[in-house]
Structures are given as structure tokens and as C-alpha cells.
Amino acid sequence: MGKKSTPGLNTSAMSDISFLLLAFFLMTSSINTDMGIARRLPPPLPPNFTPPEVRERNIFQVKINRNDRILFNKEVGDISLLKERAKEFLGNPTNSPDLPEKLETNIDLIGVYPVSKGVISLQNDRGTSYDMYFRVQNELTAAINEMRDELSREKFSRPYKDLDQAHRDAIDKAIPVAISEAEPTKIGGGK
Amino acid sequence: MARFKQKNDKGTPGLNMGSMSDIIFMLLFFFMVITTMRESELFIKITPPKGTEVTKLEKKSLVSYINIGVPSEKYAAKYGTEPRIQLNDQISEIENIRQFVELEKSARSEDESKLLTFAIKSDSKVKMGTISDIKQELRTASALKIFYNASKDVKR
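Those protein sequences? They're chains A and B, same order as listed. In terms of numbering that gives the first Met the number 0, the first sequence opens at residue 0 and continues consecutively. In terms of numbering that gives the first Met the number 0, the second sequence opens at residue 0 and continues consecutively.
Since the hints were made in silico from the structure, they are not lab data. Note that beta-carbon positions come from the ideal geometry of N, C-alpha and C, so glycine has one too. Be aware that a few hints might be false.
[What the hints assert, rightly or not] Using 25 Å as the maximum straight-line C-alpha spacing, the simulated DMTMM-like pairs for lysine to aspartate or glutamate come out as follows:
(1) B/K44 with A/D67
(2) B/K151 with A/E100
(3) A/K160 with B/D88
(4) A/K154 with A/E83
(5) B/K113 with A/D148
(6) B/K144 with A/E55
(7) B/K55 with A/E55
(8) B/K124 with A/D67
(9) B/K55 with A/D168
(10) A/K172 with B/E57
(11) B/K144 with A/D163
[Stated by the list, open to error] What follows is a list of derived Cβ distance ranges for each label pair:
(12) B/K73 with A/P45: 30 to 36 Å
(13) A/G110 with B/M31: 15 to 21 Å
(14) A/T93 with B/Q98: 47 to 53 Å
(15) A/S79 with B/R107: 38 to 44 Å
(16) A/A12 with B/R107: 23 to 29 Å
Using the sequences and the hints, build the whole thing.
And the structure:
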């Protein structure tokens, strides 16, 4: 009667350790999510395709040369100004005759909204660094995202990121990603 | 009295935690396997550009990666010091991209292959000439959904 049964090993510390490891792997695997900017390429052109005429006021030219200098609206500019200029161009708040036309469009959930006909034309050189190209893309995306957010606050009184998919689609239609990429120039050489 | 004391010494019986650690270990191994499986070895070094407007890449099963960068020191002798393209686990040429697109598309069902995204994971020092060529190849292969990989810029 006085005999003790074999004492069980205390394994609760082991589960602590394995919990720690588990937490570590959970964290490291989720940190590695890929971030970036999504874009759609234009479909391949049919062989005898003539580009449509676009009025000059509807185009905002952004050019990057092989030394990573930027030219927009025919003047050399700094990347920090690009976002504001792009917003001014796409928004055209004063309906200036130099800035793009607008087309009254009926959009679900928003109603009639003047959608800008403006297109940002982005051209780079073959010698442009990917870093610069990406930063320009980033600034242009920032301009579009800010405009979308402003419209969302105005129409739905909520920030864009809190909208559901249907409302987002409506906003996306009102402010499309109007970025067109021209063939790169070949001054910078390379292959 | 002595009997009572003996009973008191026992205290509350401890819970058996042995099986709990088994379960945790199972989870641990699961996550370990998952994290190692996703990455194929990169022969090239990639420092992606930084951006403030980056979004998460959704649906990893519908993403194929095109890696561009300078071969890392270990492989410099084999692949040179010029930027190269790595598709899956081998260094490739631009001409191989169309084939790669077809391969990736055929590996998925018809509905899914329409949603396939090609993530361009490039070093920030790579020249745009290479990337334009890749984009052109993707266009002709009608793989139109692309994604520029970048890391989130937290400073601004």
C-alpha cells in the first residue's frame, strides 16, 4: 500500500518550448508575404493597328531617361512633385481647358460622375534603372489611390480601404488606372 | 491524524500535458515543411525596390515568379556577373519565357490559368531594357496580369 506509482515526467515545459518554436515559424512565414504593385499589360496589338488619336490635353507625359532623370509635362521635374502633378492632371478640379476632358458616366452606387479622359503616358529608356521606374509607378499609384480615397470619403464617407468589393469597383470605375506605357527608347543601350 | 496528513500532501493531481506537446509538435512540423517548400533556391541576389503603395499579393497558388538579378557570389563563376533571369529553379534566357508561361498555364485548370499572375521580382539595379523585354514576351504570350514585387517602405 505504501508503494508509490512511478512519478510522471513533467512535460508541460516541453509544450512551452514547442509553442515558442511554433510561434517563431508562424511569424517568419507570414512576414514573407509578397508585396508590390499589380498592373495589367495591354493585350497584344493586331498587326495593322493604328493608334487612336488622342488630344494633347488628355495626355500627361512622363519620361525617364537613362540617367534616371524625369521629365513630365515637357519640363525636368523632381519625383517628389510627380504625385501632385498627376493628381492635378487626373482630377482637373478647375475644369481648365489645358487639362483633360471629362465624360459624364453613369456608375452604379455613385450615379453620374465625370470620369476623366486623361491618360498618363509613361516612357522609359532601356537604361533606366528598375528602381527609378518602380518609384515613378509608385508615385502614380499613390496619386490614384489618394484620389480614390478622397472620392470614397466624399461619396460613401468612409476611407477606400474600408469599402466592400462592390463599392470599390464603383470607385475604380470612376477613377481608373489610366497609365499607358510606350515602347522604351534605346539610348541607354544594353541588349 | 497521520492519514489525514498523507492525503493533504498529494495536492491537486497535475494535468497530463504529454499529448499537448505532441499536437504542438505536429503543428510545428507542418509549418516548418510549408515554409521550406515554398522557396526554391535562388541563384541570384535580389534587393527589391521600396514603395509606399504596395499591396499584398493574393492567392499564392496562382502566382508564378520571374526573378531577375545579378548572380550571387557563389554562382558568379557559373552564371557571370550580368543580370540574369531565373524561372523556377534554373537560370533562363528571355526566349524561354514564352515556354515558361505555357508550362505554368498548362499546370493549372483552364479557369485558373486565366487568373494566373506573373510576379516580376527584380533587383532594383536591373536596367529597364531587360524588364521591358520580359513584359513584351508576357504580352505576346497573353499573360497580362503582372505584379511588380517590392518591399514596403516604412520610413515615409
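Right, here's what the structure says about each hint:
| no. | hint | in the structure |
| --- | --- | --- |
| 1 | B/K44 with A/D67 | 22 Å, holds |
| 2 | B/K151 with A/E100 | 35 Å, violated |
| 3 | A/K160 with B/D88 | 36 Å, violated |
| 4 | A/K154 with A/E83 | 22 Å, holds |
| 5 | B/K113 with A/D148 | 29 Å, violated |
| 6 | B/K144 with A/E55 | 29 Å, violated |
| 7 | B/K55 with A/E55 | 36 Å, violated |
| 8 | B/K124 with A/D67 | 11 Å, holds |
| 9 | B/K55 with A/D168 | 18 Å, holds |
| 10 | A/K172 with B/E57 | 21 Å, holds |
| 11 | B/K144 with A/D163 | 22 Å, holds |
| 12 | B/K73 with A/P45: 30 to 36 Å | 46 Å, violated |
| 13 | A/G110 with B/M31: 15 to 21 Å | 53 Å, violated |
| 14 | A/T93 with B/Q98: 47 to 53 Å | 52 Å, holds |
| 15 | A/S79 with B/R107: 38 to 44 Å | 42 Å, holds |
| 16 | A/A12 with B/R107: 23 to 29 Å | 46 Å, violated |
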